[in-house]
Amino acid sequence: MDAGLNLALWVLRLAFLALLWVALALMARALLSDVRAASRDPAASLGRLVVIASSGQPAPGTVFALDAVTTLGRDLGSSVVVDDPFASAQHAVLTFRSRGWYVEDLHSTNGTHVNGAQVAGVTALGYGDEIGIGDVRLRLERGRR
Amino acid sequence: MTGLAAEGAAPVLPGFPRPRARPRELGLLVAVLAALAIGSLSLGLLRTGRLEPADPLGLVLYAAGLLVAHVVLVVSGRRLDEVLLPAAAFLGGIGLLVMERLPQDLVVQEIGPLTLGLGDLQLLWLGVALAVATAIAVALRSDRWLRPYKYTWAAGGLALLALTFVFGSEVNGSRLTLQVGPFSGQPSEFLKVILVVFFAAYLAENRVLLADARVRLVGPITVPPLTYLAPIVAMLALALGIVVVQRDLGAALLFYAVFLGLLFLATGRLTDVVLGLLLFAAGFALLALIFPHVQQRIAVWLDPWADPLGDGYQLIQALHAFARGGLVGTGLGAGLPEIGGRLPIPAVHTDFPLAAIGEELGMTGVVAVLAAYLVIVGRGLRIAAAARDDFRALLAAGLALVVGVQAVIIAGGNLKLIPLTGITLPFVSYGGSSLLANAIVVGTLMALSDRGAAPPALPRPPRLARLRGSPRGPS
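Listed in order, the protein sequences are those of chains A and B. Per our numbering, the very first residue in the first sequence carries number 1; after that it's consecutive. Per our numbering, the very first residue in the second sequence carries number 146; after that it's consecutive.
Same shape as in the complex, but just chain B (with noise of 0.2 angstroms):
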């Protein structure tokens, strides 16, 4: 019986892990980092007129941070994911690049002695959360703390974001930023990752009831039973129901289609994603009849240049941008950011970082970026496949959809190829707490996409018995 034992028990060793090389990590960490190098010496050659990077500093901090995170990965010895943190190290350098182009005082915030601009605020925020990233990939070693206070996880995300809805700050007519003391955030980010938690532990614990035992609704249209839809559906209501009211359209477009997607996942049934579209359809009738600024936004949506210095001002702006840049753009640092002392695109180092690219490095720049969130969407739904059980399969495909989904949001917002909704570019955008909850993204989908130790080496036969070439030769 023991002899069938060998597959896959992790022989557990005191002490310090083996270090385990990563070369696969370290040569596109390599290569996006020449790519960075090159891009900064343009960005600072059409300033200054001589051949030098712009802002070498936080290039080499930068740099530096990642061989960090590298070497420590390096050291934990786990058999980690190589491909998720330079294809996330592609896209947090590019933003680097965008923050560093963009005018400096669009974000300044004095720390102590220190007066830090709009690239320096996104560099510090880029190393925090790449110590998140890297810490939680190397800790996180066991689901125990997660699956079974699947509810505990949901209120606390939900009572986080009713604290915002009675504290919280209003920006821009949503109130979506809670502050506390010098720190100031948006609880919805991190609702994202707690609400895909919430969602695969509950799904995994009732997969099987969920595809299986069938309620017929319509002749041949079946759909889950109700009674054990319920628990997650109320969760999903309550969600939705605070950010609409907090006017945060783009997270409740967000939440709402990750559900889906893990309905699918778990149950397999297509009928389950037409009846939720369906139901969408419906909800989002209703939300345009009862709420203002969702008609608003469809009118924008459908025509922009109905009022091209107001309400449709940032889009059509955002679109010349997309038409200057072309095919290759114009070269980082030739774009227009500002006309006559005035940004065309106020939120342009938020919710339109797309359009910054889109002019300055064209289309060649733009698919670059996507294809870098099919990479990581690719990956992480690679992981999923390859769980063990149910739980993190359904985990890791929901947070690679996160990232996904959101990036299509906000691209498309850009593009008005769908209502444009506020929302940040993962990874692109300025501001600490997405970079925060993408780092928590990409550290938990490394952690689970852990192998375990690897399986030993087959014993080598003695050397005599290899000398005679038969392990039954005449003894």
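Excised from the complex, chain A in its bound form (with noise of 0.2 angstroms):
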């Protein structure tokens, strides 16, 4: 085997590797500015609160941001508010408590409904699950990050 032939295939096979390192690099540079532009998203929030359905107002599709106590019921005041029928004005509050998401009823008169069950105290909620309140149902999601 000649030298020159021997040189070119040494600078191809490095060459080859290096182009490898070269994308996986890349890759690495993708992952990383999507990490920083989510910490840098504005919109980042605990949780949302989508409405399903409903009879009236919050009309189905809306979405809540929620932050950290979030109170539900038929008051102006509330951070949702739920204009049911079967609403009571103080109906129920959401905290968000370490890591997860809770809900307690705050004694409504009609009750407050976890996936079709009703809760009684404080009762811890999973991503996905539906809140019902009167004809209301809301999903709870992840926010945005």
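Derived from the structure by calculation, the hints contain no laboratory data. For clarity, every value in this text was computed on a predicted model and none was experimentally measured. Be aware that one or more of the hints could be misleading.
[As the list claims (entries may be wrong)] Just a sample of chain B residues kept apart from chain A, beta carbon distances all over 10 angstroms, derived:
no., residue
1, Leu173
2, Ser187
3, Val252
4, Gly474
5, Leu506
[What the hints assert, rightly or not] If you only want the chain A side, here are some residues facing chain B, beta carbon under 10 angstroms, derived:
no., residue
6, Phe16
7, Leu24
8, Ala38
9, Phe86
10, Val93
11, Gly100
12, Arg139
[Stated by the list, open to error] Some, not all, of what chain B presents toward chain A, calculated at C-beta under 10 angstroms:
no., residue
13, Gly194
14, Val353
15, Gly476
We put the CB at the ideal spot given by N, CA and C, even for glycine.
Two chains, each in its own frame: build the complex with the hints.
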């Protein structure tokens, strides 16, 4: 094997390995820039509440960004005003504690339901669970991060 | 009230979606293809002594397939992940180069008038896998047909496995292959996807219960309530039982590791994982007592040189291949795939492609391959963290774990880090079932990464107000 061919082989071999790593470095850069963009996202929130079904206000499809303490009820001072004939003024409260969401019924007249079952006391919620207040059904979703 | 509604509420427009450019994906694909072209050139130069790529048609077809997939994703207009496809194409391309480089008569199949060798068949399967992944990424929009039918899916997967057990054909002492007409496949490759769907759906449904309603076991050690754990444990036991009897130890290890990972993600309790590992150790000891082939695997792992021409032969040759490769390898095509017309590693295209990569691309190449798996797993976990509910989060994390754990099991086996179990290296190994199952994984992960329609741009103030400098200017 002559020297020229040998040299060309060496160059190609090392260029192949170098290019493989260049492609990987570009992927790593894409991952990093995504992480940075997510940490800057102003819309980041603890969670969102999506209205699935209701007879009046709020209209189905409405999305609420949640604070760590979110009150639900017919009272206009509630974080999420639920205008349903079966809703109490102060109906329920959603709280974010350490790592997860909890719902507590505030002794409402007609009760609060999670996935169809009435809740008593403070109940843990998972993302994707459905909260029922009167005819209004709301789904808890993870916030955008 | 409607003022709050703007955030995230996607306006649904009728008609064809607007194409959305994916510049990052295109750039990464070009980088991957450039690297593969140089690799193909180095193989061609060594073979013929002229500066031409080995199998230029195969390379062009692979590039064309990737670009078509890219265009389809652009036209679909969905906001999908842009790194997963290039990362999978990176691994698939290296696999394709390795298959083109190995002796082509390792696998020969005749389709009509064509006689296809190893490289051609791998290219064919890569094309099919690419089509499947793209179709799933574009078409999978809802989990309505996935989540409510978890028991149906699980039963279907187990039935498939049982069918293999009864009607399957035996290869290398393991009954893993199901032959239907001219097609043959390994159902356990698809079962891993189905199991992840089942685990994710069940754990998402009962996550709160499993994490909060703990039952005291001994002293401060608590476990999830066993009645709620029973269905998933029964499912796991059934799957493990079948694959262990089938002697598919790699699949058993994979199922168990993914189950433990998902349980930890769902409950967040380290004690569950520690208990699971203790159970695993006990079960493994029991298996080793019952089945002689498990004892044999362990003996080969501990000392392959005890029987260098028999049981330990393949592993010793793999270790020699890694040693010959060194830091940068011998170069593509310059390794020793056969000595005296005999393959040193008979299963080099299915179980030991990492040894071939280690010999010809060296440690630099092996670490590059492992880093690509890291990119896929990291991406999958990120998709899980951004998913909008628990089912999607657990599904994405489970699919990412399937790829990562499988790569760890076979890479560790090839390197004599853990006992060798026959399992494929995802995206790299030869085999239609393996490529298709992993294509389903990548396609589903991409579909789960959909971020919905972009929020509408902020409305611009009317021209007159902008000229005055303030919306509240003198009127």
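Status of the hints after comparison with the structure:
1. Leu173: violated (6 angstroms)
2. Ser187: violated (4 angstroms)
3. Val252: holds (25 angstroms)
4. Gly474: violated (7 angstroms)
5. Leu506: violated (6 angstroms)
6. Phe16: Holds: closest Cβ of chain B sits about 4 angstroms from A/Phe16, inside 10 angstroms.
7. Leu24: This interface hint holds because 5 angstroms falls under the 10 angstroms limit.
8. Ala38: holds (8 angstroms)
9. Phe86: Hint on A/Phe86: violated, closest Cβ of chain B at ~18 angstroms, above 10 angstroms.
10. Val93: violated (18 angstroms)
11. Gly100: It holds, given that the least Cβ distance between A/Gly100 and chain B is near 8 angstroms, below 10 angstroms.
12. Arg139: holds (8 angstroms)
13. Gly194: Where the cut-off is 10 angstroms and the nearest Cβ of chain A is about 6 angstroms from B/Gly194, the hint holds.
14. Val353: holds (4 angstroms)
15. Gly476: This hint holds: B/Gly476 lies near chain A, its Cβ roughly 4 angstroms from the closest one there, short of 10 angstroms.
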